[in-house]
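> In case you want the letters, here they are:
2 protein chains.
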Amino acid sequence: MGDKLYLSYRQIHRTVRSLAARIKADGFEPDVIVAIGTGGFIPARMIKTYIDLPILTVGIRAYDSNNQLERPRKIQWIDEVEKKLTGKKILLVDEVDDTRTTLEYCLTELNSHSPAETAVAVLHHKQKPKLGVIPNFVERYYAGVDIEDVWIAYPWDAEDIDEHCDRAELSESAVGSEA
Amino acid sequence: MGDKLYLSYRQIHRTVRSLAARIKADGFEPDVIVAIGTGGFIPARMIKTYIDLPILTVGIRAYDSNNQLERPRKIQWIDEVEKKLTGKKILLVDEVDDTRTTLEYCLTELNSHSPAETAVAVLHHKQKPKLGVIPNFVERYYAGVDIEDVWIAYPWDAEDIDEHCDRAELSESAVGSEA
Numbered sequence: 044m045g046d047k048l049y050l051s052y053r054q055i056h057r058t059v060r061s062l063a064a065r066i067k068a069d070g071f072e073p074d075v076i077v078a079i080g081t082g083g084f085i086p087a088r089m090i091k092t093y094i095d096l097p098i099l100t101v102g103i104r105a106y107d108s109n110n111q112l113e114r115p116r117k118i119q120w121i122d123e124v125e126k127k128l129t130g131k132k133i134l135l136v137d138e139v140d141d142t143r144t145t146l147e148y149c150l151t152e153l154n155s156h157s158p159a160e161t162a163v164a165v166l167h168h169k170q171k172p173k174l175g176v177i178p179n180f181v182e183r184y185y186a187g188v189d190i191e192d193v194w195i196a197y198p199w200d201a202e203d204i205d206e207h208c209d210r211a212e213l214s215e216s217a218v219g220s221e222a
Numbered sequence: 044m045g046d047k048l049y050l051s052y053r054q055i056h057r058t059v060r061s062l063a064a065r066i067k068a069d070g071f072e073p074d075v076i077v078a079i080g081t082g083g084f085i086p087a088r089m090i091k092t093y094i095d096l097p098i099l100t101v102g103i104r105a106y107d108s109n110n111q112l113e114r115p116r117k118i119q120w121i122d123e124v125e126k127k128l129t130g131k132k133i134l135l136v137d138e139v140d141d142t143r144t145t146l147e148y149c150l151t152e153l154n155s156h157s158p159a160e161t162a163v164a165v166l167h168h169k170q171k172p173k174l175g176v177i178p179n180f181v182e183r184y185y186a187g188v189d190i191e192d193v194w195i196a197y198p199w200d201a202e203d204i205d206e207h208c209d210r211a212e213l214s215e216s217a218v219g220s221e222a
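One line per chain: the protein sequences are A and B, in this order.
Under our numbering, think of the first position of the first sequence as 44, with each following residue one higher.
Under our numbering, think of the first position of the second sequence as 44, with each following residue one higher.
Simulated from the structure, these hints should not be mistaken for laboratory data.
Warning: the hint list may mix true and false statements.
As the list makes no split between identical chains, a pair holds if one copy fits it or if it spans any two.
Below 20 Å or equal to it, Euclidean Cα-Cα: the simulated DMTMM-like pairs (lysine to aspartate or glutamate) are [stated by the list, open to error]:
| id | residue 1 | residue 2 |
| --- | --- | --- |
| 1 | K131 | D203 |
| 2 | K171 | D192 |
| 3 | K67 | D200 |
| 4 | K131 | D69 |
| 5 | K171 | D200 |
| 6 | K171 | E212 |
| 7 | K131 | E72 |
| 8 | K47 | E206 |
| 9 | K67 | D203 |
| 10 | K131 | E191 |
| 11 | K171 | D205 |
| 12 | K132 | E212 |
| 13 | K67 | E202 |
| 14 | K132 | D200 |
| 15 | K171 | D189 |
| 16 | K67 | D192 |
| 17 | K173 | D200 |
Could you put together the complete structure from these sequences and hints?
Now the structure itself:
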């Protein structure tokens, strides 16, 4: 706790590559990628290089009401195409499984459109107590890396990308093992 | 022509930083970012670090009918939130202004929702004959870098990100001047 883990784009891209390889090795063949915005935008676009599918996005803002609970609110949803999710296999992508609140919300919402299956892929799974759950109907959960409950500094949030990547190289040894 | 320009994530992120600085220096204060998918996803998320706004996405697939014309088709549109664009200042983001067909299509569609203003930001502007036009109602157009009509190899399309970035460093000197 209190530590900050700096990750470079190269590291993230490598994690995506191994994540995609595991999804393929598992025999899961999704029909569509759904990216949770805005954290899932970059991981989802990277995944598309290895698993070439259309990407739909859902925009979620997690509200912190009275510091009690993150309550997700829709910024953008799938609307006219959501009916197309019926009977489809969805790969839901986000950057991190942190409190799990957003994942639970999105999984439950997506399931109301009767997909054939919904799987989850995240870059990082934080090993910590969760406020949300992965619903029972989700049979496939892929995490690129399991990590401690540290602050992850993603490269896309960097003001100075060169300084950020230099730090990332220094902290590379602190990354958890590939799951 | 025939050349291939390899770009690293660091280079792209630096281009986004200077692009965002120019948008700010120009006094443009958008209310919302609209990213054109899937090429605009990563640039838009990077821009958000410097210009912190909600990102909406539109999914476009460019069809090549009989090799004559790229015809964009909607994969995802904004739907229930599109009415919220009325009276708003939009920053439309894509990775490249190539034939300009997709930009013209998206700008025209967005304008039907009566925004206060729609500006365009692209990482790269290819200096070549265009099949589409930037409509007259667009007063602000920002391109990170003006380049020749070369094939741009974006890092997110790389199978092997380390090999890609090594090539990017080699070809860095071939990048056009910052616009």
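> Which numbered hints are broken by the structure, listed smallest first?
Going through the list in order, the structure violates hints 1, 5, 6, 10, 11, 12, 14, 16, 17 and respects the others.
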